[in-house]
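**Student:** When you get a sec, could you build the whole thing from the sequences and use the hints?
Residue numbers (this note's numbering), protein chains in the order written: chain A, 115 to 479; chain B, 115 to 479; chain C, 115 to 479; chain D, 115 to 479.
Everything labelled a hint here was simulated from the structure, so no lab data went into it.
Pairs involving identical chains hold if they fit within one copy or between any two copies, as the list cannot separate such chains.
Straight-line Cα separation of at most 25 angstroms, SDA-like style, residue types lysine to any residue; simulated pairs:
#1 LYS437 x ASN362
#2 LYS333 x ASP343
#3 LYS244 x PHE412
#4 LYS437 x THR234
#5 LYS244 x TRP183
#6 LYS244 x PRO261
#7 LYS244 x VAL212
#8 LYS166 x PRO452
#9 LYS437 x THR361
#10 LYS189 x PHE412
#11 LYS437 x LEU353
#12 LYS333 x ASN275
4 protein chains.
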Amino acid sequence: MVAEARSVMATLLASIPETMIALRKESAAPGFVREEVAVPTLGPSDVLIRVKKAGICGTDHHIYAWDHWAQRRVKPPITIGHEFMGYVAAIGAAVRSVGVGERVSAEGHIACGHCLLCRTGEGHICERVKIIGVDTDGAFANFIVMPEGNVWRLDPSIPDNVAAVFDPLGNAVHTVMAAGVSTKSVVITGVGSIGLMAIPVARAAGAASVFAVDINPAKLELAARVGADATFLANDPNLIDEILRRTNGDGVDVLLEMSGSGSAIDAGLAMVRNGGRAALLGIPSDDISINLAERIIFKGLTVLGINGRKMFETWYQTEALVKSGRVDIGAIITHVVPFSGYDDAFALMESGVAAKIVMDVDERS
Amino acid sequence: MVAEARSVMATLLASIPETMIALRKESAAPGFVREEVAVPTLGPSDVLIRVKKAGICGTDHHIYAWDHWAQRRVKPPITIGHEFMGYVAAIGAAVRSVGVGERVSAEGHIACGHCLLCRTGEGHICERVKIIGVDTDGAFANFIVMPEGNVWRLDPSIPDNVAAVFDPLGNAVHTVMAAGVSTKSVVITGVGSIGLMAIPVARAAGAASVFAVDINPAKLELAARVGADATFLANDPNLIDEILRRTNGDGVDVLLEMSGSGSAIDAGLAMVRNGGRAALLGIPSDDISINLAERIIFKGLTVLGINGRKMFETWYQTEALVKSGRVDIGAIITHVVPFSGYDDAFALMESGVAAKIVMDVDERS
Amino acid sequence: MVAEARSVMATLLASIPETMIALRKESAAPGFVREEVAVPTLGPSDVLIRVKKAGICGTDHHIYAWDHWAQRRVKPPITIGHEFMGYVAAIGAAVRSVGVGERVSAEGHIACGHCLLCRTGEGHICERVKIIGVDTDGAFANFIVMPEGNVWRLDPSIPDNVAAVFDPLGNAVHTVMAAGVSTKSVVITGVGSIGLMAIPVARAAGAASVFAVDINPAKLELAARVGADATFLANDPNLIDEILRRTNGDGVDVLLEMSGSGSAIDAGLAMVRNGGRAALLGIPSDDISINLAERIIFKGLTVLGINGRKMFETWYQTEALVKSGRVDIGAIITHVVPFSGYDDAFALMESGVAAKIVMDVDERS
Amino acid sequence: MVAEARSVMATLLASIPETMIALRKESAAPGFVREEVAVPTLGPSDVLIRVKKAGICGTDHHIYAWDHWAQRRVKPPITIGHEFMGYVAAIGAAVRSVGVGERVSAEGHIACGHCLLCRTGEGHICERVKIIGVDTDGAFANFIVMPEGNVWRLDPSIPDNVAAVFDPLGNAVHTVMAAGVSTKSVVITGVGSIGLMAIPVARAAGAASVFAVDINPAKLELAARVGADATFLANDPNLIDEILRRTNGDGVDVLLEMSGSGSAIDAGLAMVRNGGRAALLGIPSDDISINLAERIIFKGLTVLGINGRKMFETWYQTEALVKSGRVDIGAIITHVVPFSGYDDAFALMESGVAAKIVMDVDERS
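**Tutor:** Have a look at this one:
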């Protein structure tokens, strides 16, 4: 074991090249460029990771398509991608908690470390956070540099494809755990990839029943496959009545909002019982109009804004759920594509056929 | 003592007349009528209370003015009023926890007692709740009947005028305690009578600093008098900057929203720091437009809809705060008027001069 | 359906006899007497229930054996039994939430209803609580009278045998939910009938892993059958090491203590990680000696004393878990005996062979 | 301002000598030695602080007296002291959040930074924590080296003497905030220096009433002076009755145990009402015997082990309380002694006359 580990380590050290392939936004226009760039350099508290697999996120597609959000936020040139796993290739002089050769993923939000939020366990909402693949060079590349504190050592029982998407799976876990679902009835509005992941997560975390709502019948079919007790088209005129019927007329205990759609938010809040909880992860692209009195105040609701993953409470929870076998997201990773096939991947995303796509960045494996 | 109590009791029993004076909404039109009606009759689990003092609420004014809300909700004829204190005049055969002659107030929300919410300590948001003075005959009358379970025995240290407004004071306490203010910085948007009460309540409950915002300079002056660390006109262009400056650039920990104004809600949410809490008590009259992404989701806020008072956790908290001398709302009760002077009282309310008005319903005292 | 229900109701009303059979403690000595007594009379707020099935509890055995605890607490003559289900046979004049013919169970703790605890949702720890079958006549009889507020209407999906033991199942649910097990590792010390029930409950409530510890290998076998991930003899010298090994060296997140044994409490606390939670349900018969500094203070533990069931939050949670199919305690109900066979039942309990025993009180069915 | 700051900085840099005076445990025997040692050297992530003032703690006295605990824990030679404030004299190359010349205190618990606890906001109970002045060189010296992450920049409004004892004040704040005292009645058992500090902290954090219990009448007098509503000798035979009388017969909502005495813990738990909370900070020197059934389980208590200070939630709370003027511990700092007068300080501690003693380590000021 030790001998084998040393051999892996030697191989890794020997194998750090000077250049690598990266998927980059080179200019303020749609599309990406796959090109050769220098392997990033390492500071004393940094870890160099050879990326093996990376997940493709809706955010990546926003940047690919160069929509309004991307135009405001992203400053090319930059390497894209923030969901990944790989192996430690080198460590800085001051790094002590992780060694060369270890199999790792990493939290993609790099918080400042010094503010009120960072110092009170809420670095995930640090105002100065930088996101890899959005604000700094990301993971769609053979190598990425991460601060030691962001690196997550992977349990050997966690498959590579799942480890590659711990970031969005962590979004689902953070939302579910913030809402608190033990013995509760839950409705999820919007079952894109994170909404889908939230289904097995909510069941494993103790939900007594999970209902899924979406506009896409294919996604609802997948929702049922991964554990939803019932699924509903968002435009079903009987939606709210049906939810009430299944919850003794009270409404569900918990709403997990993952669509960002104004009408889904309104319908979702209408479905929650008085005194219930609503966790909002989906990002509306515009202001929404809301009847605060009827939807939140008179009902005595608790509404939670959810962002990122708690560092690192969410990571421990995610690991516990996957490692124990209680959460299996295999069916949600609908496609695995080679690094060179990224254009196909974005086409699959646009078509609505794919749920989660993982990219084999290290094509040697 | 026992002899004296017996004598009081005998006097009370002897003194229940057949008719009484009540302030009533007799028809679907503005105004009230002060008229003689029958003293209400008592069921086996009910308590008949001789009303001594009653507080006048904004809700009463809505009914007086017969606005849209009142037209939809209130079904005349009905006796108005829901904030009061008095003495027990008679008890039903099955009543055991309170006796004739006792000085009492009462929770004005009569919950169904049998639903999920009532059976899990959330009767204050029971869907079948009836409010006295809105849905059933109220407290602007010499006598009122209340279910035993709604009656609250008053500690002798609590002054009559304060006891008469335990209902709105309880709203303030429920909001403050739900938000959690110990060692926190707090902004209150809207300092009508409940917002004003929330100032000494928040300080007593442990707030490190309390800022008050309103459009009415007179209310802000009163806010400063009852303990606000700083006060701001709602239209002050430097409002948010000033709040940030006083909170180390982070924003306040807690927002207590008591105005119901869309612009105040937006500004209030903007002033809360990431990870902070917002308790919403003010009722917007219309839908409001809100940037959920920026104001709630990215910030990781917790937003709480607040309604009524927890039965009876809030009452115990309110009693503890007043009895210990930590909360004094004397300055907020700006006017005490005789029962016959109710028209003056509503004129005072309309003028914006009054904060809280108490009515001497029992004019003998 | 309606016709059938009416017919059942008529039968019930017609069938209330004047006397019934009850299992009673007639004098201050070991054993019970099965004898004919009057059917209890009904107050205006009471419900008369024809008992169909009843569970036998360790407490019943204490009274049967007439041990020290029983001698101090129980005042014969009294009818025994506090876990049961049946049908409403008659209701008092003021009863509104339940009707004749309904299938019900009931909370056996009759709280005073008027104290601080009762009025703040903690009636389960009311200082004046009376327990049926211990302080007042109980459920090992053809009929029992319960206050309306204690009655629980049963969902049709819940089997009779399970409904009969909602009381101890509720103890397990209360303990698990107070501890909070979502995504957590859990050790249960003591797998008597409640400890056994806690296993499927903890898994359904979201525990990532559940370890069971007991001195009885047969109970551990049953523990594994109902879902324990690993089981350990309490005297296994490697117990703590093994638990640490399975929890990454940290210790478990949560201890559910259900043995009441001093050495199990000590070992259990030693197995919990720093910052973990321990819920104590098992009742030590004597004072125990404890190293507070090492076991609780330096570790920053949260220790929860657990008593009864939350009224009625625990009942809703229990119903949700059973109704959804997430908790199946069928294997834990090891024996069903006829009412006349109670002596056999107590012999089975003493032998340690039985986990939970249900008695068919209504031998007609 | 900038000019002045630069001048201070230059002076500081110029003024780092090669040796300094330190109070040290040189051998495994009672007493300390005040001697000249090398100024400690600085790593890349470290901060060198010139100590101005330091607080003397009971722990220091244990080491001075060389009792059993000290013999087991402390490995001479070592510099003593863990409560202090001073100015940054130099910073390592990687330090970014604090600059030379800044006025600072520091968290004395140096956590590992990499374990489950450190990564989930519970570094204060990290199993690998090192405490300055106990496990590594401490603050009774002209200079101390601290990791950047442990340094706390002081608000200018906080007096030097108070800043020097943020460590024990933080223990009091952590205990009070973990217990939750808003609107609650509180008893503190043991009013040594931390118990005394807990009185103004509990009041400022919202306690409705605070009762103090101790065996030392002088400490009780001081307790009354800093805000206790009532004080009691621990051996007062009417103690529990008197507490019940003052809490409506229920008992207090919250116990803050700060004595470590077995009999005080037992009496304290007896005084807490059912459903109440007990926070244990005092460290018993031996195992204690406890009636878990009566004191914790049947009562449904929540018992919290308290250790250190939350990093850095407690520090922010402490700063908010002091900066807002809500907590003034001036009267609790009964003595300020020169660095050379440490023997007098320990004599004062032994006599029981002193509450908190601050030492002027920098005798130039």
